[in-house]
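Given only the sequences and the hints, what does the whole structure look like? Please build it.
Chains as they are written, first to last, in my numbering: chain A, 607 to 724; chain B, 202 to 820.
Everything labelled a hint here was simulated from the structure, so no lab data went into it.
Do not rely on the hints blindly, as some may be mistaken.
What the hints assert, rightly or not - Computed Cβ-Cβ distance ranges for the label pairs, DEER-style:
hint : chain 1 : residue 1 : chain 2 : residue 2 : range
1    : A       : T670      : B       : N603      : 57 to 65 Å
2    : B       : V696      : A       : L638      : 32 to 40 Å
3    : B       : A492      : A       : I641      : 44 to 52 Å
4    : A       : D631      : B       : D662      : 33 to 41 Å
5    : A       : L638      : B       : S627      : 15 to 23 Å
6    : B       : F789      : A       : T670      : 21 to 29 Å
7    : A       : I641      : B       : V696      : 36 to 44 Å
8    : A       : S685      : B       : T501      : 50 to 58 Å
9    : B       : A679      : A       : P644      : 56 to 64 Å
10   : B       : G777      : A       : I641      : 45 to 53 Å
11   : A       : T670      : B       : S434      : 50 to 58 Å
12   : B       : D662      : A       : T670      : 25 to 33 Å
13   : A       : S685      : B       : V696      : 26 to 34 Å
Claimed, not checked - Stretches of chain B that chain A covers, calculated by requiring three or more beta carbons in the stretch to come under 8 Å of a beta carbon on chain A:
hint : region
14   : 567-576
15   : 638-647
We put the beta carbon where it would ideally sit given N, CA and C, even for glycine.
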Amino acid sequence: MTFKLVDPDYNGMDALGGDAITDFDFGPILWLQEIITPFRIGNLNATETDFYITTSGVNSTIITEVDYSLDNKATWGSSMTVSGVQPNSITQNLYCRYTNPSDAATCSGSFLIHIEEV
Amino acid sequence: MANYVSNTPIRAQNYSSRALIGDWYSQPRACLIQPDGTLWVAMAVGTAVIHLFRSTDNGFSWEVVHRGACNYSNLRTSPTTNFDGPAISLIIDEMYDNLDVIYAGWENLGDSYLVRRARYVLSTIAATDTPTYTDLVALSGSDIFDGCFRIDSNNNEGYLVYGSLTNTMKLKLVSPRTTSVSAASEAGDTLIWPMIASRATKEGIVHLLYQRTIADVETVRYAKFTESSLTFSGAVSIEVMDADHYMHNPLIDYDGYGTILVVYDNEDEAVSVQPMYSYSIDNGVNFSTPAAIPTTTGHTPFLDSVATVYTSNPDIIGGRDGGFLISYTRFNASSIARTYVRRLSTTDGTTYTLGDEKEIGVINYSGQHITGGKFFKPISSHLLDLSDPGLARIAFSVGVGNDIDGLDDTKPVIIAQELLSYNAYSSILSTDTTTYTIDTPDANNILVVFNNIGGLSENVDYYALGLTGNFTTRYISAFNRLGNSIHFLKYEPDVDNLMNDRSAYGSPTEYSEKVLLDPQSYQFPTPAISAADFTQWVEKDVRKLYLPPTFHLSRQFLVNLAGYLKRTVWLCEYGGNQYELSQVIPHFINNQIAYYEANAYVVGPSNDPFSRTILPSET
Numbered sequence: 607m608t609f610k611l612v613d614p615d616y617n618g619m620d621a622l623g624g625d626a627i628t629d630f631d632f633g634p635i636l637w638l639q640e641i642i643t644p645f646r647i648g649n650l651n652a653t654e655t656d657f658y659i660t661t662s663g664v665n666s667t668i669i670t671e672v673d674y675s676l677d678n679k680a681t682w683g684s685s686m687t688v689s690g691v692q693p694n695s696i697t698q699n700l701y702c703r704y705t706n707p708s709d710a711a712t713c714s715g716s717f718l719i720h721i722e723e724v
Numbered sequence: 202m203a204n205y206v207s208n209t210p211i212r213a214q215n216y217s218s219r220a221l222i223g224d225w226y227s228q229p230r231a232c233l234i235q236p237d238g239t240l241w242v243a244m245a246v247g248t249a250v251i252h253l254f255r256s257t258d259n260g261f262s263w264e265v266v267h268r269g270a271c272n273y274s275n276l277r278t279s280p281t282t283n284f285d286g287p288a289i290s291l292i293i294d295e296m297y298d299n300l301d302v303i304y305a306g307w308e309n310l311g312d313s314y315l316v317r318r319a320r321y322v323l324s325t326i327a328a329t330d331t332p333t334y335t336d337l338v339a340l341s342g343s344d345i346f347d348g349c350f351r352i353d354s355n356n357n358e359g360y361l362v363y364g365s366l367t368n369t370m371k372l373k374l375v376s377p378r379t380t381s382v383s384a385a386s387e388a389g390d391t392l393i394w395p396m397i398a399s400r401a402t403k404e405g406i407v408h409l410l411y412q413r414t415i416a417d418v419e420t421v422r423y424a425k426f427t428e429s430s431l432t433f434s435g436a437v438s439i440e441v442m443d444a445d446h447y448m449h450n451p452l453i454d455y456d457g458y459g460t461i462l463v464v465y466d467n468e469d470e471a472v473s474v475q476p477m478y479s480y481s482i483d484n485g486v487n488f489s490t491p492a493a494i495p496t497t498t499g500h501t502p503f504l505d506s507v508a509t510v511y512t513s514n515p516d517i518i519g520g521r522d523g524g525f526l527i528s529y530t531r532f533n534a535s536s537i538a539r540t541y542v543r544r545l546s547t548t549d550g551t552t553y554t555l556g557d558e559k560e561i562g563v564i565n566y567s568g569q570h571i572t573g574g575k576f577f578k579p580i581s582s583h584l585l586d587l588s589d590p591g592l593a594r595i596a597f598s599v600g601v602g603n604d605i606d607g608l609d610d611t612k613p614v615i616i617a618q619e620l621l622s623y624n625a626y627s628s629i630l631s632t633d634t635t636t637y638t639i640d641t642p643d644a645n646n647i648l649v650v651f652n653n654i655g656g657l658s659e660n661v662d663y664y665a666l667g668l669t670g671n672f673t674t675r676y677i678s679a680f681n682r683l684g685n686s687i688h689f690l691k692y693e694p695d696v697d698n699l700m701n702d703r704s705a706y707g708s709p710t711e712y713s714e715k716v717l718l719d720p721q722s723y724q725f726p727t728p729a730i731s732a733a734d735f736t737q738w739v740e741k742d743v744r745k746l747y748l749p750p751t752f753h754l755s756r757q758f759l760v761n762l763a764g765y766l767k768r769t770v771w772l773c774e775y776g777g778n779q780y781e782l783s784q785v786i787p788h789f790i791n792n793q794i795a796y797y798e799a800n801a802y803v804v805g806p807s808n809d810p811f812s813r814t815i816l817p818s819e820t
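In structure tokens:
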């Protein structure tokens, strides 16, 4: 594994020392409720790396409702690329947004934040 | 699902089990909807009186508008069959301000038959009115008429269809403007056993479904009557019955595309029955091969145990934007008679698809026999918009009587009604009925899980469901620091009860909780509603009550056996008074449950929470 998700509250600068996030639990969610969660990526490679972030999973109606932003402002998309992450450093805050559709089934669900090197 | 309860019975104790479902001949259109939403039902009570029921609040409450003696001692159809019941039609003509109740009766054990019209003034009908009676058709009992007739209307004319002595179908025009019977005609298709269905279009066409008997072979036939030329035409065969099979309960209707649907019972005499359907997309020139409405595994044909007759008591209604609803009755896997509905839907008026089976009466009458239903139909040739089938309303009969004439003495039935959105076509927002699978992440994936609990329209315990956070914690802390411990009593209604007072509830469940009760309470007395002048006053003590997020006031609505709409009663005790808690509203901050707010009404002679009429919105 050449990266890890780092808790946004971690104050350090190094990826190796950062508190790793292994999963997210959004808890109970209402129809049309929007949840935005920040995260950061720590580069565990020995070289500068670009990371490509997208969504995957088995629930096709869910993954279409997930998008990402580098700045939590106007620019959102179903994928994003973070370029030039230096070795053992951590990116700025990145944002994942999920909008629960109004016709979502009333049960537990999930999706996967997929991260790969490019 | 939020509580949209407006399903009180039309009559909770009815000693005429044939009042709604009748028999093979009766009641083609006895449940109507006026364009303004007023609901009407005409039902016989016994054999000499017809009651007119009306609801002006979407079925929440029903009144007997008129108890009409029909000048008959035998308001019923055939003495030759053992499945007897009153034949009634209800016609409403807003333009001429008429409300007509048309019914058939026999006298002297079938020596003669009469189809009679009782005409009321629609806008001013009152219990003391005497209607204008007009005899539409009189026939000899040897005519084998069997009291069979169909009365229908479009926006301009009324039509009376009946069988006659010579086994020939006849049709008369019954003017909505006068008391006269203006014209008569005769079908070219002779030898018709008097089992007829009709449906009039606004263009003056009357679609007819009937059974023709030749050499003991029964054939299901279609023909149309054209008002402008007073002629029958286009007779076609839909199904040739097997030996000892008969068509019963014929029904015919059309939808917004002009497609004609026929539904009828194919009865294998004394053995079984199968509801059939067939439709024509070319105005009655050709009909689809009749198909049986599929039988769910374990279901069996409904046997009317009193009359020993197999019947499915079907009904149909056509939709303005195309498609139909079909209702029918069968025994379920537990041998309980239940009434079901299915959609026959279309998007183009050419291809029709029969939908899944949906059950009615599940919520209020689970486990009881439901022996048949009648859709509430729009007046004249109007069509309902059935694009949302949940907006259709159906009346249905709950229970089995003990007399084939509908003169039950020991077994009353319930005449109930509900919107199909109540259960069959539920109005919950979710259209995705699938359940999600939790993903399995690998090294390049981070799992994100959530639990969708729906919307804030639900009557659920949001704290228990986890819709909590830091704000919830702070409010709980505040109530613990500032609140006062108050005693609460929760009374649940008893579904099997026949009363509408405190005895309709069981023993209370007691709670104690730290809450905030608003001390500012006194309001100026208001005039008593029943007072003739302003000399009688009602004092009011209404306070605001604030409840912590952990204290959800769960409640249920039900219609008890006596037909009263009851809901859970919550009381709290404070300062020597008891207060009824009503209109409970949850408050959220950032989608976290923060607290509940309720109105507390002092309990006393002016406010008895156990017996007063409640509104569905009084949560």
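Do the hints match the structure? See the list:
1. A:T670 to B:N603: 57 to 65 Å: holds, 60 Å
2. B:V696 to A:L638: 32 to 40 Å: holds, 36 Å
3. B:A492 to A:I641: 44 to 52 Å: Since the Cβ atoms of A492 (chain B) and I641 (chain A) sit about 49 Å apart, the hinted range of 44 to 52 Å holds.
4. A:D631 to B:D662: 33 to 41 Å: Since D631 (chain A) and D662 (chain B) have Cβ atoms about 20 Å apart, the given range 33 to 41 Å is violated.
5. A:L638 to B:S627: 15 to 23 Å: Between L638 (chain A) and S627 (chain B), where Cβ atoms are some 20 Å apart, the hint holds.
6. B:F789 to A:T670: 21 to 29 Å: Holds, at about 27 Å.
7. A:I641 to B:V696: 36 to 44 Å: With a Cβ separation near 41 Å, I641 (chain A) and V696 (chain B) satisfy 36 to 44 Å, so the hint holds.
8. A:S685 to B:T501: 50 to 58 Å: Since the Cβ atoms of S685 (chain A) and T501 (chain B) sit about 57 Å apart, the hinted range of 50 to 58 Å holds.
9. B:A679 to A:P644: 56 to 64 Å: violated, 30 Å
10. B:G777 to A:I641: 45 to 53 Å: holds, 48 Å
11. A:T670 to B:S434: 50 to 58 Å: holds, 56 Å
12. B:D662 to A:T670: 25 to 33 Å: Distance hint for D662 (chain B), T670 (chain A) holds at roughly 31 Å.
13. A:S685 to B:V696: 26 to 34 Å: violated, 55 Å
14. 567-576: violated (count 0)
15. 638-647: holds (count 8)
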